[in-house]
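There are 2 protein chains.
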Amino acid sequence: MIGRVNHIAIAVPDLSSATATYRDTLGAKVSQPQPLREHGVTVVFVELANTKVELLEPLGETSPIAAFLEKNPAGGMHHICYEVDDILAARDRLQAAGARILGDGTPKLGAHGKPVVFLHPKDFTGTLVELEQV
Amino acid sequence: MIGRVNHIAIAVPDLSSATATYRDTLGAKVSQPQPLREHGVTVVFVELANTKVELLEPLGETSPIAAFLEKNPAGGMHHICYEVDDILAARDRLQAAGARILGDGTPKLGAHGKPVVFLHPKDFTGTLVELEQV
Numbered sequence: 001m002i003g004r005v006n007h008i009a010i011a012v013p014d015l016s017s018a019t020a021t022y023r024d025t026l027g028a029k030v031s032q033p034q035p036l037r038e039h040g041v042t043v044v045f046v047e048l049a050n051t052k053v054e055l056l057e058p059l060g061e062t063s064p065i066a067a068f069l070e071k072n073p074a075g076g077m078h079h080i081c082y083e084v085d086d087i088l089a090a091r092d093r094l095q096a097a098g099a100r101i102l103g104d105g106t107p108k109l110g111a112h113g114k115p116v117v118f119l120h121p122k123d124f125t126g127t128l129v130e131l132e133q134v
Numbered sequence: 001m002i003g004r005v006n007h008i009a010i011a012v013p014d015l016s017s018a019t020a021t022y023r024d025t026l027g028a029k030v031s032q033p034q035p036l037r038e039h040g041v042t043v044v045f046v047e048l049a050n051t052k053v054e055l056l057e058p059l060g061e062t063s064p065i066a067a068f069l070e071k072n073p074a075g076g077m078h079h080i081c082y083e084v085d086d087i088l089a090a091r092d093r094l095q096a097a098g099a100r101i102l103g104d105g106t107p108k109l110g111a112h113g114k115p116v117v118f119l120h121p122k123d124f125t126g127t128l129v130e131l132e133q134v
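Each protein sequence line maps, in turn, to chains V and S.
The numbering of the first sequence is the UniProt record's numbering, which starts it at 1 and goes up by one.
The numbering of the second sequence is the UniProt record's numbering, which starts it at 1 and goes up by one.
Be aware that a few hints might be false.
In this list, chains with the same sequence are indistinguishable; a pair is considered to hold if it fits within one copy or across any two.
As the list claims (entries may be wrong) - The list that follows gives simulated cross-link-like pairs (lysine-lysine, DSS-like), each with its CA atoms no further than 25 Å apart: (1) K29 <-> K122; (2) K114 <-> K52; (3) K29 <-> K52; (4) K122 <-> K108; (5) K122 <-> K71; (6) K29 <-> K108.
If you are wondering where the hints come from, they were derived from the structure by calculation, not from laboratory data.
All figures in this text were calculated on a predicted structure; none of them were measured in a lab.
Chain V extracted, bound-state conformation (with noise of 0.2 Å):
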């Protein structure tokens, strides 16, 4: 069912500093930084040549990414990001096994404007899943 990894998310207090790490001494292709405020983050993308990390800043005063911050104030990896080819199906296929989907379930435009879900850290090795449809 998932097929690329899309995206490794790592949340980051400070941006700037995250995405000069990035460039500098990894000597990475990073983007311009890129404020979301309907997801409460600004993002800077690391280009990589089969995949990328996203960067994420707390943007706003209910960041989703705030609590995890507060556990992890030097920041750390957030979340893992697969690609599904219909939302809809995968989502259906994890409830039928079992698997928690946060929120109502019902999938959201994520960052890239493309349908996601969430998937419970619980569930799935302690690790927070983002599923894509592309």
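Following the hints, complete the assembly by docking chain S onto the known chain V.
This is chain S only, laid out in the frame that chain V set:
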């Protein structure tokens, strides 16, 4: 400098259960478990279209992932591995930039039999980074 994402490593307390989750619930292709005694882990490779996830379970009394699982009993994302062309050049560039290499800085043979170094999470946004020469 960094090239492809070689793998994302997820530490898990129960490899057989984690493998079933990736194979049966997420529908991914998984390998047989491979004990790597010299690395203190048993690994299952989850083969995705563009990269792989490695599920790691502690093996032996002094596994390098034991402390992580004590802090994260359900498991979680443990490190991300980027490919480099020249591990010594990468190491020297990172050290010149002030980044800390774990251990004595000498590349070791990693789980794939290729030279690797690990970088200090505090220098990389709270994320343990492995570099592998390919």
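Going through the hints against the structure:
With identical chains, the CA atoms of K29 and K122 are at most 25 Å apart between copies only, with a shortest distance of 21 Å across copies and 33 Å within one. In this assembly of identical chains, the alpha carbons of K114 and K52 lie at most 25 Å apart whether taken from the same copy (16 Å) or from different copies (23 Å). In the homo-oligomer, the alpha carbons of K29 and K52 lie at most 25 Å apart both inside one protomer (10 Å) and across protomers (21 Å), since each shortest distance falls under that limit. Proximity of K122 and K108 under a CA criterion of 25 Å is satisfied intra-copy only: 21 Å inside one chain copy versus 34 Å between copies.
Within a single copy, K122 and K71 get their C-alpha atoms as close as 17 Å, and across copies as close as 15 Å, so both meet the 25 Å cut-off. Taking the closest pair of Cα atoms, K29 and K108 never come within 25 Å of each other, the shortest separation being 29 Å inside a single copy and 27 Å across copies.
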